[in-house]
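Start from the sequences and build out the full structure, keeping to the hints where you can.
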Amino acid sequence: DEMVTVAEEMKRAGMTMPLLIGGATTSKVHTALRIAPAYDGPVVHVLDASRAVGVASTLVSDTIRDEFVTKTADEYEAVRLSRANKGQSELLPLATARERAFVADFAMKPAAPVKPGVHVFADWDLSDLRDYIDWTPFFRAWELAGNFPAILTDEVVGESASSLYADAQAMLDTIVAEKWLTPRGVAGLWPARREGDDVVVTAPSPLRGEGWGEGQPSNAAPGTAPHPDPLPAGEREQKEVRLPMLRQQIAKREGRTNMCLADFVDTQDDWFGGFAVGIHGIDEHIARFKAGHDDYNDILLKALADRFAEAFAERLHKHVRTELWGYAPDEQLTNEAMIKEQYRGIRPAPGYPACPDHSLKPILFDLLDAETATGLELTESFAMFPTAAVSGFYFGHPQAEYFGVARVGRDQLEDYAARRGADLKTAERWLRPNLD
Numbered sequence: 056d057e058m059v060t061v062a063e064e065m066k067r068a069g070m071t072m073p074l075l076i077g078g079a080t081t082s083k084v085h086t087a088l089r090i091a092p093a094y095d096g097p098v099v100h101v102l103d104a105s106r107a108v109g110v111a112s113t114l115v116s117d118t119i120r121d122e123f124v125t126k127t128a129d130e131y132e133a134v135r136l137s138r139a140n141k142g143q144s145e146l147l148p149l150a151t152a153r154e155r156a157f158v159a160d161f162a163m164k165p166a167a168p169v170k171p172g173v174h175v176f177a178d179w180d181l182s183d184l185r186d187y188i189d190w191t192p193f194f195r196a197w198e199l200a201g202n203f204p205a206i207l208t209d210e211v212v213g214e215s216a217s218s219l220y221a222d223a224q225a226m227l228d229t230i231v232a233e234k235w236l237t238p239r240g241v242a243g244l245w246p247a248r249r250e251g252d253d254v255v256v257t258a259p260s261p262l263r264g265e266g267w268g269e270g271q272p273s274n275a276a277p278g279t280a281p282h283p284d285p286l287p288a289g290e291r292e293q294k295e296v297r298l299p300m301l302r303q304q305i306a307k308r309e310g311r312t313n314m315c316l317a318d319f320v321d322t323q324d325d326w327f328g329g330f331a332v333g334i335h336g337i338d339e340h341i342a343r344f345k346a347g348h349d350d351y352n353d354i355l356l357k358a359l360a361d362r363f364a365e366a367f368a369e370r371l372h373k374h375v376r377t378e379l380w381g382y383a384p385d386e387q388l389t390n391e392a393m394i395k396e397q398y399r400g401i402r403p404a405p406g407y408p409a410c411p412d413h414s415l416k417p418i419l420f421d422l423l424d425a426e427t428a429t430g431l432e433l434t435e436s437f438a439m440f441p442t443a444a445v446s447g448f449y450f451g452h453p454q455a456e457y458f459g460v461a462r463v464g465r466d467q468l469e470d471y472a473a474r475r476g477a478d479l480k481t482a483e484r485w486l487r488p489n490l491d
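My numbering applies: residue 56 is where the sequence shown begins, and numbers increase by one.
Think of the hints as simulated: they come from the structure by calculation, not from any bench.
Among these hints, one or two may not hold up.
Stated by the list, open to error - Derived pair list, reagent style SDA-like, types lysine to any residue, alpha-carbon separation capped at 25 Å:
id: 1; residue 1: 66; residue 2: 89
id: 2; residue 1: 83; residue 2: 95
id: 3; residue 1: 357; residue 2: 481
id: 4; residue 1: 83; residue 2: 461
id: 5; residue 1: 357; residue 2: 461
id: 6; residue 1: 83; residue 2: 59
id: 7; residue 1: 345; residue 2: 112
id: 8; residue 1: 294; residue 2: 427
id: 9; residue 1: 170; residue 2: 387
id: 10; residue 1: 83; residue 2: 73
id: 11; residue 1: 294; residue 2: 472
id: 12; residue 1: 373; residue 2: 251
id: 13; residue 1: 164; residue 2: 383
id: 14; residue 1: 294; residue 2: 251
id: 15; residue 1: 395; residue 2: 183
id: 16; residue 1: 66; residue 2: 481
id: 17; residue 1: 345; residue 2: 170
id: 18; residue 1: 395; residue 2: 185
id: 19; residue 1: 395; residue 2: 165
Next up, the structure:
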């Protein structure tokens, strides 16, 4: 993955400055196993931004730096030894894993969408999204362990959690009232079929979806005239986009399947979706907090922007299920039920366990014309900017479920590289955390 590559490049350049690792897809274990061995300087996993200042201060201290660095290195070595002693699960040959694929009942697949095509949402109502916030990850970002709302009365952290929650609510009141932030999103629904472990999508037709309450042409950025189709209508109808997926290869007990996301798509006459949402407008407010040396509100606003992005993804998925795709028009789920994923269908994201390859994001963004529609951009390492953003795929089959691909073998790496049209070295870089 990109963090390991950065560590290797820093080492090659002779750098030994401390390297802090953080973010939603990072962990202490991954840092110990993959990143720290690739670099000669101190490597420290930091749980969240609120801890970064303290860790950085320790690393520049003349009195406690060495002890902290040694302690951290010892902890990471213990993690590596523990993993080595546990051994690794057996990997099946890819052909065997495919023989044990999940077989969906496609008599249950959803009907064609009520509103196919691409739908742009230029400025979703913040007050609506506020009701879809999942608060538990918010508290975890501040190293307050517990589930919301029970955490507010927890004997150990309840007082701190309640104070933080009150501050968050006060800031949310201001964000909504003064429209500090602008949620922009796009969702697309296209004809699709499965070919082996690939999902093959027919590119968006000339159909134009309408944004929820916006009436925005699907290929127009908010506030601009529609831009020309990149392809004539006839060619667009024939264009196909291939999305290779990865299959679980770890051997399982009898009766358990080795899943791949492509298993949830029929070999003919099916549908598939994608989305991207982002929260804009944070920069001027962060600049104001930084100018006033107000680290607390700086971090609080960033944390709330992240919560809004996740809430937007949740809300848009509901809109897809109930109206755009419309396979669950009578859905009546509480926010708690949606957080527990009790709805029909899934929305896995590139770079996460079921679809660990971040490099699929440019394909998704091209299908959605996401940069034009939402103002989101991808960095060369496929991170989204602004950072308060979420993107992913929609699978509507009622048997679709989340899972982790975990380790894959050399045979699947080579097969995947061929299906992606990539050289082996590039594929290894994309899939490094999953390699045997």
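Here's how the hints hold up against the structure:
| no. | hint | in the structure |
| --- | --- | --- |
| 1 | 66 <-> 89 | holds, 14 Å |
| 2 | 83 <-> 95 | holds, 17 Å |
| 3 | 357 <-> 481 | violated, 33 Å |
| 4 | 83 <-> 461 | holds, 17 Å |
| 5 | 357 <-> 461 | violated, 30 Å |
| 6 | 83 <-> 59 | holds, 14 Å |
| 7 | 345 <-> 112 | holds, 18 Å |
| 8 | 294 <-> 427 | holds, 20 Å |
| 9 | 170 <-> 387 | holds, 20 Å |
| 10 | 83 <-> 73 | holds, 16 Å |
| 11 | 294 <-> 472 | holds, 22 Å |
| 12 | 373 <-> 251 | violated, 29 Å |
| 13 | 164 <-> 383 | holds, 12 Å |
| 14 | 294 <-> 251 | holds, 19 Å |
| 15 | 395 <-> 183 | holds, 19 Å |
| 16 | 66 <-> 481 | holds, 20 Å |
| 17 | 345 <-> 170 | violated, 44 Å |
| 18 | 395 <-> 185 | holds, 18 Å |
| 19 | 395 <-> 165 | holds, 22 Å |
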